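Use these hints to put chain X onto chain B, whose structure you have.
Residues per chain are reported as follows:
Number of protein chains: 2
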Amino acid sequence: MRVFGTSLLGAGLGVGLALLTAPSYAADCAAGDARHFTVAANKDTVHWGYFSKDATPLIEVNSGDFVTMEALTHHAGDDYDRMIKGDDGAESVFHWTRNEKGVERRGAGPMDASVYGRGAGEGFGVHIMTGPVKVCGAQPGDVLEVRILDVNLRPSGNQEFAGKTFGSNVAANWGFQYNDLIESPDKREVVTIFELDSSGANVWAKPLYNFRWTPQTDPYGVEHETIDYPGVVVDHDTVDEQPVLEGVQVRARPHFGTMGVAPREADMVDTVPPAYFGGNIDDWRIGKGATMYYPVAVDGALFSVGDPHAAQGDSELSGTAIETSLTGVFQLILHKKADLKGTRLSGLYYPLLETDDAWVVHGFSYPNYLAELDKPQQTIYQKSSIDLAMRDAFRKMRHFLMTAQGLSEDEAVSLMSVGTDFGITQVVDGNWGVHGTVKKEVFMHR
Amino acid sequence: MRVFGTSLLGAGLGVGLALLTAPSYAADCAAGDARHFTVAANKDTVHWGYFSKDATPLIEVNSGDFVTMEALTHHAGDDYDRMIKGDDGAESVFHWTRNEKGVERRGAGPMDASVYGRGAGEGFGVHIMTGPVKVCGAQPGDVLEVRILDVNLRPSGNQEFAGKTFGSNVAANWGFQYNDLIESPDKREVVTIFELDSSGANVWAKPLYNFRWTPQTDPYGVEHETIDYPGVVVDHDTVDEQPVLEGVQVRARPHFGTMGVAPREADMVDTVPPAYFGGNIDDWRIGKGATMYYPVAVDGALFSVGDPHAAQGDSELSGTAIETSLTGVFQLILHKKADLKGTRLSGLYYPLLETDDAWVVHGFSYPNYLAELDKPQQTIYQKSSIDLAMRDAFRKMRHFLMTAQGLSEDEAVSLMSVGTDFGITQVVDGNWGVHGTVKKEVFMHR
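Residue numbers (this note's numbering), protein chains in the order written: chain B, 1 to 446; chain X, 447 to 892.
Extracted from the complex, chain B is given alone in its bound form (with noise of 0.2 Å):
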């Protein structure tokens, strides 16, 4: 087991809570004091692009203890001067020269690229995960708490960028948008660059510029045509920047889109599709003060985070967010399976979240894709519908008022009705996703 205790505070994150020394040994399960660790980003802390079963914990940790963990965006490599330079973590993790590449694999493919010829591991998968987390004690069937503290922006490692933050918007051949635009050229991926103060006082993502997808080559001569490999980092001497939206400023609402345990119906699994271990569920509300709930599918849940979003609106029409990187400080809490009974996650099989002031149940076109499908990995791309999804988060709705209120079914139906929202998650990333939220104030004298 490996333990990265690197110091957070002198990469300038400010965490809010104390950073204490993580342990060099395994953990126990017996009780003691919370311990809080730290997980830096690096080539050797990241999974790029899957999840697996049989990944290596980085470390292993008790239920109650607390995780600082550093996120990075897979879309850094859009500006490298803004979102790599100077990052001592980001730069080892998109290193690619001739002849040597900081993390091979890069999706859930296989490793010769067998298939289209990309890269290793085909990029079936984007995210750049941090972890996984063994939990002590985890099994399937018990759920896993992360409650997230506190979420900060990456100051960019550039000195020319002192206390700026940048992520990338990319309107990509996987979004919404693409076989529907209607001015010319009519099939293009284009890059936002934004601008945010990494002490997260201005609440405001300043778009910067944008360009057109060029074609790119990367350091082993591929040459991507459309964004179809992550981590190719753009030659900007092949692009035209741009000025865009200017006057336009977005809320930034800092979350990760990408968070979840490891799933048990396969070795490598896509990070794309989200599902019932939670993954790329792209809800802008898993936020700091958010606490999320996981079904545990395998022994030490394995729990990781990626895909950090500076900001997102319901549905990530284009196919991304604002992509930035975040370091998020979590407290994992496990809830055994025989002490569910009678709570009110008794029998939870989806990722459920929790704000201050509403809980949101996550809808997807197939709840648990892996298990359902022919060929899963392949088949979800072609199978997606929000109306599936509705359908799913009209179930896990019900599921949970009647779960965790003790209501009727037609008592839960009424109520889904008149008092609760039902949106659009996302529409892109393949197994689309519709969340259903129903306040607190509903049950405030119940």
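Some hints here could point you the wrong way.
[As the list claims (entries may be wrong)] Quick list of in silico lysine-lysine cross-link-like pairs, DSS-like style, CA-CA up to 30 Å:
{"no.": "1", "chain 1": "X", "residue 1": "Lys652", "chain 2": "B", "residue 2": "Lys440"}
{"no.": "2", "chain 1": "X", "residue 1": "Lys734", "chain 2": "B", "residue 2": "Lys439"}
{"no.": "3", "chain 1": "X", "residue 1": "Lys652", "chain 2": "X", "residue 2": "Lys734"}
Think of the hints as simulated: they come from the structure by calculation, not from any bench.
Small disclaimer: the values here were computed from a predicted structure and weren't measured.
Same frame as chain B, but now just chain X:
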């Protein structure tokens, strides 16, 4: 032309603006001081279940005039004692004996009920619409702005329930849950009655009781095994009232489910499917303080309002909201086509909502199903999907951002992904809806 100047103050509605006497002559379009009309709801001022470009206007207003309009819920018959009894207007509309029916036609279907035998109009369209109001000088291509200045609950006319307002939520056969229930019987319709404080001082709707629908025989002798014809008064000796949702409260968000102008494509149009002309959009944001913009489709615009709701969630899952009677105070402002160029209303081809802090576009599975489909009023019910409505909402939001803010398509797509939210308006109105919201703060410095 008939003018309805019945005093609403006498009915204790307490609308927020002083009520002026309605003029008893046809107005020309000459400029002058804005007038304030009032239209009470009774059997002579409502059209039940249909829009018609041939309907006789109740009044004609000039741009800038005010109109106070009562709107009655078509679900009042679910609890006659609480929602009809002692209320002269509601009694006249719901009046139905073996020999006499206050409003014969209910729906856009045949008067002889030759399709299903349900009753005149066949219930192809269900909402009690007050209107139409003709807008002097309005022509196709213009835009009608409707400012909702005030919305008030309609108090029960029954002294036994003084100061209270009641509403009905129905989990109906057209609801999203109907073929997907887990408790038995597996096909059932459920009515839940809610109580509100008429003054609005208490913002909570409280569940009062529920019952399962039993076959109801109307005064003409037709048995309604399911809820298939509006205004059938439930015989409470045949149903089993049960306590429901104890300790649960639902925040009131009073709004008009169905509001809009007359469509041009047919003489008789079912009120259920919304489209470009507005109609049954069922967006709970269409309440006090909001403004709607509708593309005018026929001379005079012919504005009507109905389907009042005390509260509804995004999706209106069970098929209805908390259906309750409301009175609204509106100001109607006409924007002539020639004046639209260069304004944010230029080229508006869909119902647009403005609130204090946001703009909301409304997408539908078929933006103009009346023109797009063969036998549109029959087939729309089989053809809807949220996927199509999301496609339409994307295109409309793009149009709005490019028109109203002068963005390029690339700018609009990026902003849509990171700074606008798409939600599911309803999945129960034949032509399903998705709304896209962009906050005004985004443009604060533009």
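Okay, the hints, checked on the actual structure:
no., hint, result
1, X/Lys652 - B/Lys440, "15 Å, holds"
2, X/Lys734 - B/Lys439, "22 Å, holds"
3, X/Lys652 - X/Lys734, "21 Å, holds"
Hint violations for this structure: none, all hints satisfied.
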